[in-house]
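Student: Read top to bottom, the protein sequences are chains E and P.
Heads up: the first sequence is residues 113 to 677, going by our numbering.
Heads up: the second sequence is residues 113 to 677, going by our numbering.
Keep in mind that the hints were calculated from the coordinates and are not lab data.
One thing to keep in mind: the hints can contain errors.
In this list, chains with the same sequence are indistinguishable; a pair is considered to hold if it fits within one copy or across any two.
Unchecked claim - Computed list of lysine-lysine pairs in DSS-like fashion (alpha-carbon distance at most 27 angstroms, straight line):
hint : residue 1 : residue 2
1    : Lys595    : Lys622
2    : Lys484    : Lys622
3    : Lys595    : Lys167
4    : Lys454    : Lys553
5    : Lys654    : Lys553
6    : Lys622    : Lys133
7    : Lys143    : Lys133
8    : Lys454    : Lys605
9    : Lys356    : Lys602
10   : Lys121    : Lys167
11   : Lys429    : Lys605
Everything numeric in this text was worked out from a predicted model, so none of it was measured.
Number of protein chains: 2
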Amino acid sequence: MAQKPSIPKGTRDFNPEQVAKRRYIFNTIQKQFERFGFQPIETPSFENSDTLMGKYGDEGDRLIFKILNSGDYLSKFTQFFNQRTIRFFEAYAFRLHNENIDVLEFLKNERASSTFYQRFFESELVGSDFKGIEIFDEKYESAIMHTIDENKDEVAILFNDIDDDFKNFDESRKLVASKLASQVFSTWLFNYDSKVSSIISEKALRYDLTVPFARYVVQHQNEIELPFKRYQIQPVWRADRPQKGRFREFYQCDADVVGSKSLWQEVEFVQLYDAVFSALGLKGTTIKINNRKILTGIAEVIGAKDKLIDFTVALDKLDKIGEEKVKDEMRSKGIPEDGISKLQPLFGISGSFKDQVAQLKPILASSEEGLKGIEELEFISEAISTLGLTSSTLQLDVTLARGLNYYTGAIFEVAAPESVSMGSIGGGGRYDDLTGIFGLKHVSGVGISFGLDRIYLVLEELNLFPETIAKSTDVLFINFGDKEALSCLKAIKILREIGVNAELYPDASKMKKQMNYANKRNIPFVVLVGEEEMITNTFTFKEMSSGIQDSVNIDQLIGKIINPS
Amino acid sequence: MAQKPSIPKGTRDFNPEQVAKRRYIFNTIQKQFERFGFQPIETPSFENSDTLMGKYGDEGDRLIFKILNSGDYLSKFTQFFNQRTIRFFEAYAFRLHNENIDVLEFLKNERASSTFYQRFFESELVGSDFKGIEIFDEKYESAIMHTIDENKDEVAILFNDIDDDFKNFDESRKLVASKLASQVFSTWLFNYDSKVSSIISEKALRYDLTVPFARYVVQHQNEIELPFKRYQIQPVWRADRPQKGRFREFYQCDADVVGSKSLWQEVEFVQLYDAVFSALGLKGTTIKINNRKILTGIAEVIGAKDKLIDFTVALDKLDKIGEEKVKDEMRSKGIPEDGISKLQPLFGISGSFKDQVAQLKPILASSEEGLKGIEELEFISEAISTLGLTSSTLQLDVTLARGLNYYTGAIFEVAAPESVSMGSIGGGGRYDDLTGIFGLKHVSGVGISFGLDRIYLVLEELNLFPETIAKSTDVLFINFGDKEALSCLKAIKILREIGVNAELYPDASKMKKQMNYANKRNIPFVVLVGEEEMITNTFTFKEMSSGIQDSVNIDQLIGKIINPS
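Throw the hints in and build the complete structure from the sequences for me.
Tutor: In structure tokens form, the structure reads like this:
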């Protein structure tokens, strides 16, 4: 039986038109990246797991696609299984037997016993370190015995009668112990999944472009010149639950500079966003900017310095839930009432960038860091006013709090034009120590990224893709037979040499079928070379949109295709 | 401790220059693909395992990178482990105990016993079907007992003394049985690796572009128009042992047509190879062509129709080992002596395409299929002579036998110019039923591919990359301070708008450092704007290669950058 073909959920096939449209966006962005002096790098699709794991938080770790070791990964697992776990079982079963502990009742309720053993494995006696499980180590054996003894009452409640299955068995304790050991193992396997993963998988698919970039900078530090302005347009993979607009494979487009703290970089990134959206013909985007130092300053001023995340998470909801509910949330997080009243002026902030800054200053008067943040924003804003933007607006947004885990200075987010209901189509910020995780300290970086899939949807909705994108082949030559086809290929060769995309229909099929192919493929011109044309050395040229036909020589044919009326 | 960063073996980082050079090759190929009417598609990096497994032979299956199921893959494994295997252990251990079989000696030599159990698991009693292992199924329990009983003598030889480790144990048979069961499990786990893989992995990285293309055609058959001319340039992954020039991640560039048996496709693919190599400035490539039908015909004529692969493998070595050894190999494969003497004329074949065909014809006179192959080659060769090639030569090579598992008609292979010692830089052929595996029968296809990495090395060796590739930024503006920087950015903005790649050095560092950056980055021009220039509204323009400096206004600056002397 043939398989019914499909692709994994969250992934996509792209047809020729979609590829062309995506490429149009990539090429436009790439051209602007290069205008601004960024250079492309590419990194492998998979990295060593060590490079990626632990860089995106627990949730991120879970969403990283892991690649099974190739070849003999299972023999490695088997070896591991033999050497450690089996021996652990043995020692465990042996001890249970020798000490004559009645554990038969344990087995009644598998789920409950799992919970019981889970608790055991979470105890500090075993700990999260794998090495803890070593055979013949009396400490762990006694730990197991002890845990069981300590919980006898609980055990009695969990298993208050005998499993029917086991009545058929010789009820020897050792067999039971073996069963128990197996259960312990499966619980252990489940709880130690990251450890098991690391035994059978040592590589993982790229989760974003930032961590591989940091790895690249450190690994190649002797080859690159700082400041290093790089851009990277490559796919990333996330094991997220797929939903509308969220995919398991998607492209990221990032530009970053490392090795300079200059605020001119921030200025240039605002210009770069504007240049890309202008080149795409997308008017009315808003480049929102904030600074982590301002958020820290506000938290400081209201006495919630240790509650920066709680505070900003609440503030971030101002648009959605309004002032009162934001205050309620802050109260519930333990931010003091007098702090919240100090916030009052913040809720009324409005007007131009300058106006907003003027209103912010008094609030932050007592925070050195907050004032530093304002100074940075003013620098960027003033430079941008002088230089001017073409299609975008720069807007201060003190509620903007994305990436607070890593951003240390500027924070960017780009909103699509208001006429389109689409979230952010880009974002970025400054991070002070990205490469530190790989051992290269004190290298400041700043970068932005473009949300390709959303930009695609925005351009589609606003009908901003150039019309020429849908057309790939300029002209189709109809095939009337081998002699005619050879004549056609002679002309096609000339056309291709001067840059025309031309093709011959491969078979001498019915005229209707061939014309239909030209229509479906959106090919604007068709050329017919029959017996008569071969004799007179001419071509019958047909414009598909109008249906008008002409008899032309080769030079006229070229003219009609290159400069269509 | 910070990690020392590295990348997985067989993968590569690409620096800006390498990315630019690779892109140059991609873009050149892509442009020619489109000239010939091919349209791009893209498929996901990973496919469902079912789509890929079993399509590349056993060796291929082993080289496919499998992706671990995300999230709870281990709970699935645990569940499986609980439900089947543990129960199997129990029944097994229980029976061993009850029947009082002395199996302690089994455990002496783990490797030997693994072999023993492997043999057991390979027996038809268990078979390769996973469902065979079901607990409480008397058939399997007695099978185990029976196997042990039958092999008692062998067991005695394998284990002629007692393992020291086990002297410390209560030597109860049940414990031993438990150990034994565990060993059986690990052996089983090892032998059933593909089954375990399918439990913990359901997706795999693309191994080539051909199978995903076939899947695409079948899945989207209602959206595409046949004949479908597609090209695809995407990475593929193979868990091959990395070595010089062989990577675990590399790009493939394929163009294929499905849905037409027309030989004009083969003609066009020869032209396409020629067009790409001409566009890359690569002269002297040889496009070798053969036809499977000719190979089949020869095999038929010499009475070795059932030994086609043996015969072609031997013939393929003619260049390397010479006529006599080829004959020896054929003899050793059982090809009859009178068949080999019929081959004699084949070894003397030489001359032009036409000459070779003339020499082949009498050899194949009695084979209908062989003559059909000749006819096809003649058609292609004649068309190509009429149309002409620019940089390549078309050559008949009757020893060419790549892809015999799938090619059914034409077989292509491209050799790099003789001056470069590099193997094949491209290959392809016609396959009659590619999409059949996914349920769409009778769709003929033909395609070629380009070996990007080798083409890169050839262009590098022959110094054929355009010089302009190394340059990314046209002009660097030196930074003397914030006021000057803002002035620079005004000029930079103008330059970028007219297509110049321009950048400002982000910090007001020492002049020497900034000039050094321009040098290292290979930036041809530098502009200096100091206090004086700001007052006079001029720019000091420096050409890095000559060191010549000029004072210019903005229009002159543009002129100097756009039309350098």
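Student: For the identical chains here, do Lys484 and Lys622 meet the 27 angstroms Cα criterion within one copy, between copies, both, or neither?
Tutor: between (75 angstroms within a copy, 26 angstroms between copies)
Student: Using 27 angstroms as the alpha carbon limit, work out where Lys121 and Lys167 are close: within a copy, between copies, both or neither.
Tutor: Result: close both inside a copy and across copies, 25 angstroms intra and 22 angstroms inter.
Student: How do Lys454 and Lys553 come out at 27 angstroms by Cα distance, when the copy is not named: within, between, both, or neither?
Tutor: The answer is neither: 37 angstroms in one copy and 75 angstroms across copies each exceed 27 angstroms.
Student: For Lys654 vs Lys553, is the C-alpha pair at or below 27 angstroms within one copy, between two copies, both, or neither?
Tutor: neither (66 angstroms within a copy, 35 angstroms between copies)
Student: Cα distance capped at 27 angstroms. Does Lys356 pair with Lys602 within a copy, between copies, both, or neither?
Tutor: neither (49 angstroms within a copy, 42 angstroms between copies)
Student: How would you label the pair Lys454, Lys605 (within, between, both, or neither) given a Cα cut-off of 27 angstroms?
Tutor: Intra 77 angstroms, inter 42 angstroms, cutoff 27 angstroms: neither.
Student: When no copy is specified for Lys595 and Lys622, does a C-alpha distance of 27 angstroms or less occur within a copy, between copies, both, or neither?
Tutor: within (16 angstroms within a copy, 72 angstroms between copies)
Student: Treating 27 angstroms as the Cα threshold, decide for Lys143 and Lys133: within, between, both or neither.
Tutor: both (15 angstroms within a copy, 16 angstroms between copies)
Student: Within a copy, between copies, both or neither: which one fits Lys622 and Lys133 at a CA-CA cutoff of 27 angstroms?
Tutor: neither (33 angstroms within a copy, 45 angstroms between copies)
Student: As a check of your reading, is Lys429 near Lys605 (CA-CA no more than 27 angstroms) within one copy, between copies, both or neither?
Tutor: For Lys429 and Lys605, the Cα distance exceeds 27 angstroms both inside one copy (62 angstroms) and across copies (37 angstroms).
Student: Could you figure out if Lys595 and Lys167 sit no more than 27 angstroms apart (CA to CA) within one copy, between two copies, both or neither?
Tutor: neither (65 angstroms within a copy, 39 angstroms between copies)
Checked against the numbered hints given earlier, the structure breaks hints 3, 4, 5, 6, 8, 9, 11 and satisfies all the rest.
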